[in-house]
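Novice: For the protein sequence lines, the chains are V and G, in the order given. Heads up, the first sequence is in numbering that gives the first Met the number 0, so the first residue is 0 and it goes up one at a time. Heads up, the second sequence is in numbering that gives the first Met the number 0, so the first residue is 0 and it goes up one at a time.
Since the hints were derived computationally from the structure, they do not count as laboratory data. If you're wondering where the values come from, they're calculated on a predicted model, not measured in any experiment. There could be a bad hint or two in this list.
[Unchecked claim] Under the rule of at most 20 Å between Cα atoms (straight-line distance), these lysine to aspartate or glutamate pairs were calculated in the EDC-like manner: (1) K313(V) with E388(V); (2) K458(V) with E476(V); (3) K494(V) with E265(V); (4) K82(G) with E95(G); (5) K458(V) with D117(G); (6) K443(V) with D29(G); (7) K458(V) with D72(G); (8) K175(V) with D152(V); (9) K458(V) with E38(V).
[Said to hold, decoys possible] Residues from chain G shown here face chain V by an in silico Cβ test under 10 Å; the list is partial: (10) D54; (11) S115; (12) D117.
In this text, a Cβ means the ideal position worked out from N, Cα and C, and glycines have one as well.
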Amino acid sequence: MSLDEREQRVDVDPRRVWESEYARDLPEGDVIRNRSGFEIKPLYSEQDWTGSRDAADGYPGQYPFTRGIYPTMYRGKRWSQRQLVGLGTPADYNGRVLQMIDSGANAISLLPCNSVFRGLDCDQAPLPLLGTCGTVINTVDHMDRALDGVSLDRISTAMNDPTPFTLLAFLLGTAKRRGIPASAITGTSNQSDYISHYVANHMFYRLSQTGARRIFTDHVAYCREILPKWNPVSIVGQHMQQAGATPAETMAFTLSSAIQYARDCEAAGLDLDDVLPRFTFFFDISISFFEEIAKFRAGRRIWARIARDQLGAKDPRSWRFKFHGQTSGVDLTVQQPLNNIARVTTQAVAGIFSGLQSMHTDAYDEAITCPTEETARIAVATQNILREEAHLTDVIDPLAGSYYVESLTDEMEAEILRIMALIEDAGGMYEAVGAGLVQHMIGKSALAAQDLIESGAEKIVGVNCYETDESEAAAPEPYRADPEAMQQHVDSFRKFKAERSSDAVRRALDALNRAADSTSDNIFVEVVNSAEQGVTHGEIVEALRDRLGFGHPLIVA
Amino acid sequence: MSMPLRVLVTKVGFDGHDRGSRLVSAYLRDAGHEVIYTAPWQEIEAVVRLAVDEDVDIIGISTLATDHLIVPDLMEALAAAGKGDVAVVVGGIVPEQERPALITAGVRAIFGPGSSRDEIIHTIERIGDDVRDARDRVLVGEA
């Protein structure tokens, strides 16, 4: 370029210069879309986002909480490192969970065996399937053993516990034995969001929708009275995103469900400012890094507006969008499994930049098996490294003000609101799910996502690019419960059933049935009583299925 | 491919994740086959009954959370019901170490993560042709 030419260009708009140079260097053009379908530009600048909106977005801890729900965020309190753990017998769980607490976990999460999710006791399930993916817990005794040495008044315990919330009942029985007041117990009823169980994954589906709906509000009312520090509601976007929903769809469906649950609580006579502060959310964090951050920032401010303006909650604590994030297993690969450590790290950073309150990082072998001790340790260490070494938490909401992130947050918000309007037009979440609308959208998105992988447009290292020839020796050893220990567990369960007071069991079940038959008694009160009287998990679920129906999960293929 | 295959796509055991089974059902349907699709958590007896009632050529079992461990029980139950000619294929998470047990039990193919649409469809069609050929031979032999 000559000196003259250079002088001539001084007056030219640098934006226009960049545009022409970009077009010159990339003449064929390129269209990149994120998982929610937004076209992503190569550059974001002032014309995409016009600058600070402190007044509209609020500072951290201020409505509408775009920048975080607490004034101090991670400077004041680290996120809960809540690793999902579930394996083997209660003794196996106990060993693993004490190890997790030693490695730095400050909260725990109990994942029961899939037989428990199905509402069965261990003597009703094939032995090879027991304890492979979760812990076999059917009684207060089992819970007591699983949480031996865990201080229930100091460690927050999340239970993966769909309606009728038998695990919480067993936890309360355990606390009572140990003389710990219920008011001191902290934690969350994960999987209380039964709507998500109907539309996706179906793992936690147990009772008819009407039955689940009734027990849900009974359990919320019970927790409000007896367990003031317990979060009875966890609304789960994870299942839908895992089943294929895009990040935008996931947030829209989850918030639509939250509106439904809030309305149900209100209809049950509960004051929203008593219950909304105990609403929590649970999401997958995918590897679509910026998209996830935008999803959570947008979700936070949409929920604040819904809670305040649409639902009319007065207490600012009701407006806070508290969420747990789990790094998404969908992005993990069986191929070259150690690569998953890099994926989980990326997802976890997205979660931290999103301002989550609690996090689970997947072990690198989770695409193949229930994690082993060593892989679980690395997953916890990943969080420790990100928190202690990487200085990610020095600044609150550090990506705020990025033209791209702010513009993406706005775009995400608009798309979430568009999908929520579709749900509302269909008559709300129950109607939309009943009509198959939600399942249809999830199925369509799952197929579209798979097509992109098939065509190679979406790259997955080790799957459709950078493949290597892997020997069988490289495959991680899958975790399997020790069959002898499991058989002993089943035998001692049978012995327990034979030796317990059959009168007490009959009386408790009678009371449970009466509560289910009435329209006003609190069913969960009787679930707690039944557990204390030695009624087993399978017996409680069976009684309630008889009374309230099993129904069918809503599947649209 | 000569005739559309009849394929039962289902899940046994306790897991409910159905992203994979729904995708594969859509693939088979789009390739012109007839898919009988069920909710998850089928008992083995129910799968055998459906295979008989629907006269299927192939049963596709989707597995994520160790439910493949009871697939050998399904193979035995099918044989006992006189439906040993129905081919069984498995898709999903089956650790390397546990594949031989399924193959020994008679599972015709295992599609792990990363299997392409074409690979799944072509393999199932090839197995379906085998099933039909074997049935034809039995019919000819009887005549």
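Novice: Would you mind marking each hint as holding or not holding in the structure?
Specialist: Each hint, compared with the structure:
no.	hint	result
1	K313(V) with E388(V)	violated (40 Å)
2	K458(V) with E476(V)	violated (27 Å)
3	K494(V) with E265(V)	violated (44 Å)
4	K82(G) with E95(G)	violated (28 Å)
5	K458(V) with D117(G)	holds (18 Å)
6	K443(V) with D29(G)	holds (14 Å)
7	K458(V) with D72(G)	violated (38 Å)
8	K175(V) with D152(V)	holds (12 Å)
9	K458(V) with E38(V)	holds (17 Å)
10	D54	violated (20 Å)
11	S115	holds (6 Å)
12	D117	holds (8 Å)
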